[in-house]
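Listed below, chain by chain, are the residues.
Protein chains: 2
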Amino acid sequence: MRTHNCGELRKKDIKTKVILSGWAHRIRDKGKVIWIDIRDRYGITQLIFEEEFSGSKTFNLAKKCGREFVIKIEGEVSERLSNNPNLDTGDIEIKVFNIEYLNKSEVPPFTIEDETDGGEDLRMKYRYLDLRRAPLQKNIMLRHSLMQETRIYLNSQNFLEIETPVLIKSTPEGARDFIVPSRMNKGQFYALPQSPQTFKQLLMVSGFDKYYQLVKCFRDEDLRADRQPEFTQIDCEMSFVDRENVLQNFGGLISHLFKNILDKDLGDIPVMQYDDVIKHYGTDKPDLRFGMRFNDITSIVQGKGFKVFDDSEIILSINIEGCSNYTRKQIDEITDFVKTPQIGSKGLVYIKNNEDGTIKSSVDKFYSTDDLKMIVDENNSNPSDLILILAGDEKQTISAMSSLRLLMGDRLNLRDPEIFNPVWVINFPLVAWDEESKRYHAMHHPFTSPIKDDIDLLNSNPEKVRANAYDLVINGVEIGGGSIRIHDRKLQEKVFETLGFTNEEAYNQFGFLLDAFKYGTPPHGGIAFGFDRLCALFSGQESIRDFIAFPKNTSGRDVMINTPSEIDSDQLKELGL
Amino acid sequence: MRTHNCGELRKKDIKTKVILSGWAHRIRDKGKVIWIDIRDRYGITQLIFEEEFSGSKTFNLAKKCGREFVIKIEGEVSERLSNNPNLDTGDIEIKVFNIEYLNKSEVPPFTIEDETDGGEDLRMKYRYLDLRRAPLQKNIMLRHSLMQETRIYLNSQNFLEIETPVLIKSTPEGARDFIVPSRMNKGQFYALPQSPQTFKQLLMVSGFDKYYQLVKCFRDEDLRADRQPEFTQIDCEMSFVDRENVLQNFGGLISHLFKNILDKDLGDIPVMQYDDVIKHYGTDKPDLRFGMRFNDITSIVQGKGFKVFDDSEIILSINIEGCSNYTRKQIDEITDFVKTPQIGSKGLVYIKNNEDGTIKSSVDKFYSTDDLKMIVDENNSNPSDLILILAGDEKQTISAMSSLRLLMGDRLNLRDPEIFNPVWVINFPLVAWDEESKRYHAMHHPFTSPIKDDIDLLNSNPEKVRANAYDLVINGVEIGGGSIRIHDRKLQEKVFETLGFTNEEAYNQFGFLLDAFKYGTPPHGGIAFGFDRLCALFSGQESIRDFIAFPKNTSGRDVMINTPSEIDSDQLKELGL
Chain A
1 MRTHNCGELR
11 KKDIKTKVIL
21 SGWAHRIRDK
31 GKVIWIDIRD
41 RYGITQLIFE
51 EEFSGSKTFN
61 LAKKCGREFV
71 IKIEGEVSER
81 LSNNPNLDTG
91 DIEIKVFNIE
101 YLNKSEVPPF
111 TIEDETDGGE
121 DLRMKYRYLD
131 LRRAPLQKNI
141 MLRHSLMQET
151 RIYLNSQNFL
161 EIETPVLIKS
171 TPEGARDFIV
181 PSRMNKGQFY
191 ALPQSPQTFK
201 QLLMVSGFDK
211 YYQLVKCFRD
221 EDLRADRQPE
231 FTQIDCEMSF
241 VDRENVLQNF
251 GGLISHLFKN
261 ILDKDLGDIP
271 VMQYDDVIKH
281 YGTDKPDLRF
291 GMRFNDITSI
301 VQGKGFKVFD
311 DSEIILSINI
321 EGCSNYTRKQ
331 IDEITDFVKT
341 PQIGSKGLVY
351 IKNNEDGTIK
361 SSVDKFYSTD
371 DLKMIVDENN
381 SNPSDLILIL
391 AGDEKQTISA
401 MSSLRLLMGD
411 RLNLRDPEIF
421 NPVWVINFPL
431 VAWDEESKRY
441 HAMHHPFTSP
451 IKDDIDLLNS
461 NPEKVRANAY
471 DLVINGVEIG
481 GGSIRIHDRK
491 LQEKVFETLG
501 FTNEEAYNQF
511 GFLLDAFKYG
521 TPPHGGIAFG
531 FDRLCALFSG
541 QESIRDFIAF
551 PKNTSGRDVM
561 INTPSEIDSD
571 QLKELGL
Chain B
1 MRTHNCGELR
11 KKDIKTKVIL
21 SGWAHRIRDK
31 GKVIWIDIRD
41 RYGITQLIFE
51 EEFSGSKTFN
61 LAKKCGREFV
71 IKIEGEVSER
81 LSNNPNLDTG
91 DIEIKVFNIE
101 YLNKSEVPPF
111 TIEDETDGGE
121 DLRMKYRYLD
131 LRRAPLQKNI
141 MLRHSLMQET
151 RIYLNSQNFL
161 EIETPVLIKS
171 TPEGARDFIV
181 PSRMNKGQFY
191 ALPQSPQTFK
201 QLLMVSGFDK
211 YYQLVKCFRD
221 EDLRADRQPE
231 FTQIDCEMSF
241 VDRENVLQNF
251 GGLISHLFKN
261 ILDKDLGDIP
271 VMQYDDVIKH
281 YGTDKPDLRF
291 GMRFNDITSI
301 VQGKGFKVFD
311 DSEIILSINI
321 EGCSNYTRKQ
331 IDEITDFVKT
341 PQIGSKGLVY
351 IKNNEDGTIK
361 SSVDKFYSTD
371 DLKMIVDENN
381 SNPSDLILIL
391 AGDEKQTISA
401 MSSLRLLMGD
411 RLNLRDPEIF
421 NPVWVINFPL
431 VAWDEESKRY
441 HAMHHPFTSP
451 IKDDIDLLNS
461 NPEKVRANAY
471 DLVINGVEIG
481 GGSIRIHDRK
491 LQEKVFETLG
501 FTNEEAYNQF
511 GFLLDAFKYG
521 TPPHGGIAFG
531 FDRLCALFSG
541 QESIRDFIAF
551 PKNTSGRDVM
561 INTPSEIDSD
571 QLKELGL
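Chains as they are written, first to last, in this note's numbering: chain A, 1 to 577; chain B, 1 to 577.
Bound conformation, chain A alone (with noise of 0.2 Å):
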């Protein structure tokens, strides 16, 4: 049905009689003269009907081609008189002999352009026209390409593409499961996985080294703007590793895939310690493509008689670069934004560094020149430099800092989402203290290793115990996590009974994996990439929806199948529903 694609011809083949298959995109009727621009997944490329060369019979059916037909059309490529840089065909069109109709189209909901005319409701119905827009297609065919490079590096280094279940055993750990109803075996139910983490720690236990999938998960929670009730996930585990092997293995593999596809390289990437990031940017997900370092001047600012500074748990700094020259209007913005409720604080102090020498800040009343200067040292800060400050309880101030120091990052433009910035971040805490259930949840999940040095606090002080755990983050975005795993039996029941499980229980959910420690399990760790993330961070896009072809609506529903649904009594009366 062709003899070439709509991306592929060139100036070199002009005299060439081809065939070409695809969508009638653009169609520009000048009464003596046709032009229709036909496109496929390759590309675009110009065809010209005039009744001379076309016939009449060919002509006319070019006069009544609607937007969006598939046609199949037979012609001669030839120059073209005013090239089209913007198109790879750009320097050639087809005089077309012969057209056919291979499908009719009614006039889409839509327009089939990069920016079109729907509205997300719409296009989520859509789904299928929404997906012929080029954004979309190249999203899709940058999906793919990421696929085959992580298959091909991880290949390269003798990992085993493995599948394991999709119908496993529902555990009560961790966020909620979807089930699936059991026919054979009444009043029992599978479970969709959460994550392969059993099977693939089953998977050293037998042996197989290196494993890797690319593989579904599922979690059935509220769905916030950007969740998906299924996703995939990069999954790998190693063994006889431990943390710097796994680190320099999937940090080889980030660095092939930013290669070869963005060819970009970047660099060794920098480990830091959890309890650092936290120090220096309020979160663990640092966005490293830019500096403003939080500076704790607690003690510099406190008992000089200005209350708001007296009472707060903790004051902090950042110093912005060449902004301090900022206006009254424009402090006054960064202070509403701190004063969001989002955000909760009360509101912000700040210390203009002058060009001049001179300093001047909100906070004069209260602090000598000098006072202010241990300020400026304590935050490096040079003239013409401005210094923010937050103060209040811990917890809030930092997460406020963390805000305020994003919105800096942006309103400065030191967030390009052409520069990447990757940071290990390691030593996470293992467990946290549950309020509701008071109870230790695993900060990780339950098979993560303490490190060696801190497992004696498991009986003394969990909460100081630090994780062999690991999380990649680019650009403030979390792409992975993993962790060096417990292969020890004795251990794993430690750790089980520190997170408030009974023995019983332990066996009840965990059995299988208790047992397999008892036969000669390896030391091994993994790690895990959120490969939906990773494609929309390779875009530079912050949403991961229109990097799956398919996704659900924040309710859970795919409105174009209209799912879920309804069904049969029947068939629920089978199940014994």
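Treat the hints as calculated values from the structure; they're not laboratory data. Be careful, since some hints might not be right.
[What the hints assert, rightly or not] Covered, in the sense of this in silico footprint (three residues per stretch, anywhere, with C-beta under 8 Å from a C-beta of chain B), are these stretches of chain A: (1) 35 to 47; (2) 102 to 111; (3) 152 to 164; (4) 175 to 187; (5) 191 to 205; (6) 226 to 237; (7) 557 to 571.
[As the list claims (entries may be wrong)] Within a straight-line C-alpha distance of at most 27 Å, the following computed DSSO-like cross-link-like pairs (lysine-lysine) qualify: (8) LYS452(B) x LYS72(A); (9) LYS138(B) x LYS259(B); (10) LYS104(B) x LYS518(A); (11) LYS518(B) x LYS125(A); (12) LYS494(A) x LYS104(B).
Built from N, CA and C at the ideal position, the CB exists for glycine as well.
Given chain A's structure and the hints, the job is docking chain B onto it.
Relative to the frame of chain A, chain B by itself:
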């Protein structure tokens, strides 16, 4: 933790200091010398311990080492006195001077050997140990290689790997769906896909042109011996193609796999009509590694006074080369086989076309030598051949003869698992009458296009309509199947009507697809290969179970993790169940 794996050291490495990690596979303690075979996924290496070079601490640890202990050793590669030609590493051994137990092991419930002493149930419960055995390791690695080579080929042909959703909509067509209750939309359900059929067609509507996916599919069926509730397909679809394009593309895929995995040239894959394979082999899945085509001798043998034949709907014969010397006992064995309840024939008639030119049959009473010669001629039988004849109902006799043919193929060793004879079977019937529901069922699925010339028969004689469908059969196993799809809305509605759908039912279930056909759907077609079965075929085996890392048993249970299982009543309540 290792400088090399356990499969890579060779003569050239002699004198090298190495670190290996792996499992203690076999241990031979000869008092002053201890040998341990250390095993990992990559191979086995022999370790040697003597107090002299190992030191007493290491030597004593080696003495206490048990099977399946995970060990890490340091030592020096040295030449082996008597080399082992069965091992890639058989020229060397490691003189060990340091051993560390990375983990101990209890005695496994069965031996980790190619031929194990463990029964099926025990091995399923301890699947992670069964997977340590070399045959299963090889299967999973073969599966990995087949996955990668499949992608290499399809990527080279410009196919895009695109994920389709797992949480989709239940449809009453076809096999039974697994369903997933929706918490956010109470009383409503998702279904797990039996195949991504409609989604891949929508991807063609979107213009992705060439799609593939190695994808999990699900069927809630009563499991026969070799069925799994979740299985993997190589799922593909292409636009702007006819049947010839599809057969060429995917014949190319299969040829690529055979060449790159088994180093076998498949050659051109023959194409046979459905009607012809039924006529010649009595099945749409013919094993073409050997001949023995059916010959219908009904018209030759009836009316000669042999009541058994005269009362039969059909009389079929096959010619077995070189078997005229079969003994009474051998003939009796075959006769017993065709009389078993599964086959259901009343008896077997034979004609011995003896080497000396004489002809001897079990029905000499009823047929003259000339009569028998006609049968011999019809069968192109040569002296020293044996002709076997079955008679009875048409359907039963065809089926029985097909089984008899396979039996004779087995007896004569004509079904060599290392020989592969593929065939495309085309032009299946579009529909078949279902007595139970009193309506036509789609033989393939409702989206399959009829052969153009037969469309008019949809009204008058639907059973005579041929589908533009094709199956790839290798050695009597259906490896893949597909069709050119309907891309015209009116024709799709007509086929739904033929299948007994009301207009409302059709729109309720497949409205999104019928809608999509309004907006410029290209001609398209595709195929899906059963990936688990393909893996088994490549290994010359029949059961798929050992090509799946964690399969379910015939009750749909994973006995290792013990699922399906009961779940919390809270969780059920949340789901409104």
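Taking the hints in turn, this is what the structure says about them:
Check on the stretch 35 to 47 of chain A: 4 of its residues sit with their Cβ under 8 Å from a Cβ of chain B, so the three-residue criterion for coverage holds. With a threshold of 8 Å between beta carbons, the proposed coverage of the stretch 102 to 111 of chain A by chain B holds, since 6 of its residues qualify and at least three are required. Coverage of the stretch 152 to 164 of chain A by chain B holds [criterion: at least 3 residues with CB-CB distance below 8 Å; count 6]. Counting residues of the stretch 175 to 187 of chain A whose CB lies closer than 8 Å to any CB of chain B gives 11, which reaches the minimum of 3, so the coverage claim holds.
Coverage of the stretch 191 to 205 of chain A by chain B holds. Counting CB-CB distances below 8 Å, 7 residues qualify, and the rule asks for three or more. Under the rule that three or more residues need a Cβ within less than 8 Å of chain B, the assignment of the stretch 226 to 237 of chain A holds, with 3 such residues. Interface restraint, the stretch 557 to 571 of chain A with chain B: holds (12 residues with C-beta to C-beta distance below 8 Å; minimum three). In summary, the hint linking LYS452(B) to LYS72(A) is supported, as the alpha carbons are separated by about 19 Å, within the 27 Å threshold.
With a C-alpha separation of about 18 Å, the suggested pairing of LYS138(B) with LYS259(B) holds against the 27 Å cut-off. Only pairs whose Cα atoms come within 27 Å are accepted, and LYS104(B) paired with LYS518(A) is accepted, the gap being roughly 7 Å. Note on LYS518(B) and LYS125(A): the hinted pairing holds, with a Cα-Cα distance of about 14 Å set against a maximum of 27 Å. Simply put, LYS494(A) and LYS104(B) have alpha-carbon atoms about 18 Å apart, close enough for the 27 Å limit, and the pair holds.
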